[in-house]
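Asks: Residue numbers (numbering that gives the first Met the number 0), protein chains in the order written: chain C, 0 to 471; chain Z, 0 to 310.
Derived from the structure by calculation, the hints contain no laboratory data.
Check each hint, because a few of them may be wrong.
As the list claims (entries may be wrong) - Lysine to aspartate or glutamate pairs mimicking EDC-like chemistry, simulated, CA-CA at most 16 Å apart:
id, chain 1, residue 1, chain 2, residue 2
1, Z, K141, C, E296
2, C, K59, C, D94
3, C, K383, C, D399
4, C, K455, C, D272
5, C, K139, C, E155
6, C, K56, C, E85
7, C, K348, C, E155
8, C, K462, Z, E122
9, C, K467, Z, D79
Source: prediction; values computed, not measured.
Below are the chains, spelled out letter by letter.
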Amino acid sequence: MTSHSQQPGWSRRDVLKAAGLAGLGATLLPGLAACGVGGGERHPNGASAVTGPFDWKAAKGQTVRILQTPHPYQQSFQPLLKEFTELTGIEVVADLVPEGAYFTKLNTELAGGSGSHDVFMTGAYFIWQYGPPGWMEDLKPWIENSAATSDEYDFEDIYEGLRTSTSWDFKVGSPLGSGGQWAIPWGFENNVVCYNKAYFDSRGIKPADTWEDFQQLARDLTDRSAGRYGVAFRGSKSWATIHPGFITQYSRMGGVDYRLDGDQLVAEMATDDAIRFQREWVELARDAGPASWTTYEYPDCTRDLGNGNAMMCYDADSATYPKNKPGASKEAGNLAWHPGPAGPDGNYKTNLWTWSLAMNAASQRKQAAWLFIQWATGKEAMSKAVRGAFADPTRKSVFDGAFKQTLGEFPGYLDTFERVVGESKIQFTPQTSFFQTTQDWAVALQDIYGGDDADKRLRSYAKSAEAKVNVA
Amino acid sequence: MSATMTSAPATNQRDGAPPRVPERRRQLRPYILALPAVLVVIGILYPFVLGAYYSILNYTAANPDPHVVWFANYRSVLSDPQFWTSVRVTAVFAVVATALETVLGVGIALLLNRASKIGGIFEKVLILPLMIAPVIAGTIWKLMFNPQFGVLNHVFGLGTFDWLSKDAALWSSILVDAWIYTPFVAILVLAGIRSLPKEPFEASQVDGASWFYTFRRLQLPMMWPYILVAVIFRFMDCLKAFDLIYVLTAGGPGLATRTLQIGAYEDSITFQNFSRGSTYMFLLWILVFITARYLVSVLGKAQRRAAGAED
């Protein structure tokens, strides 16, 4: 013992203390040296590396990993995956994450610079967030490379509003359709009205064609004591409350979210006309909407429609479509579709949502990933998928061909689609703070629903949104 | 000496004594034993320090090559009315939920302490809410709260009363939290009550003390350390409330239930402003740290008092 303490050098306590400090240093140093900060380096586009004649077997033996959410689109394609493997020799591993957590998972994975999934499902608005940091592969060079893309692919067959909705140059004020092609539209949905035709017929009434008539109709249909209300639409604290029925009708009434003034966006949600419409929308929710409107998401709306509680639902056609399939809901077979109220000038501006397929820029198997995207968004696979619950197809040829044959039991669906599709596009101004400013918009509507003065609340919201979009 | 030591191992092994460890290994042993602890400390500190570091950067999805902005995020967050709303919501939720769960939990524990058949069954049933994940509990209660078809409005004849409206959402969230966690307090306190010595209670009975007097002057002071442990657990947990509230209201309507955790989640994950989210979390950590230090000191005092070391 004594001899130890007399040894030159450190005592055991000193060494332990030093080890502790070294541990702390090991913790601090990489942190302070920015280890783990940032999404990693930008990855070069892989399209130019593909040369020679096009060959479906070019990536034979590889495995492509895809991240998806359990959606009718994914479910319709799942049985077809083996056909892709037979065609290309590429194995597909599909990881499913429920929709509620899907974008959290995807955001985290992409932000971490992980290339563990080669292909992922995404929506158009997400491109505005994932594109600027370089997390997504620009697919335009792939489409234009005849060595990578089959002659039969026919990209132009995809509806124009969809092709432009997934393309942007990320510059404030630039319209959609400029810049790279960041995803390929796979399935899409128009936000229109689905109604309980059986009930309407029993009372001898028809869907409303104007906004004033629509409000009155929804109120007339409401009888809380009978568990029946006029119209279901979303109201939860989320950007997703704004993008279906709300922004569709707002646009039809002449509203826009921002206008460009020089190089700055000016918020337009607090003009007199915009405030009047939003006040009416919230009053409609209070008088003829779901009783717990501020928690309502699309499954709640379509559930109430399917159960016969909601007489109308202003949401995605593809969300209401499955409720009319035999056995899918209490009101299956009783539902029908209508474009919803036209604008004062008769316009049918409609906001669309597209589930698209995108390639992870950090993927190590880009050619295999592109072959999968090309196959899944191609005519043949999509024609087969629409025989399941895949609605709506993004290709005109598939809609006019295989899909129309499935619509016999869906009154008004085809007419509605054809009425709105020419004016269906992303009605939002693209901007990189979309999720924050659009969730703030939903919060403002909830506050008005809770009793805040619409005029004051929307002016305050518009001011804060304008600051955010122009800083970003 | 040296010769004795060299021959010792063989002798010791024959005697059944442990084998002798070489000097070098004996010196290294403390460091090897300390290694797991050091690794655990690094494992805990690394994310913490990285999070603190993020809070002084301008790191967002749109800016993946950040630089140090020092306290700009703190200035921005502390001057944002939404942050202070979140502080108020978090504080109200934590204080009211903890108080409610403590009062109910102690009451239930006292009732269960009186042995009976019903008490025995109730004791087993009591633990059920704790076995349900808060996300699932939130989903179940969200359906029960639904004014259209929820069971609560139907049973209590509340018409279209909206449990998750702007005025009611926070209180409804507290109610659900109490449903899940009151059994936790009850079980913890019940275990404490059952470990108390019997003699002082027998003595007070002999002296003819009333039930209330015995409870107030004897049982409550002796139970106090157990109650405080439950309070510390619940209060710390309530300050970090997220899953249950997020499922019920996502922090709405408006900002009515936006706790600090939900604010941090929105900034970090939904809006991908990682630095601002980290700032929220760091400020929350300071709040939790200070509160924990205070409550632990109160617990120490209560323990000393219960042991008769302090008046």
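Asks: For which of the previously enumerated hints does the structure constitute a violation, in increasing order of number?
Replies: 2, 7 and 8
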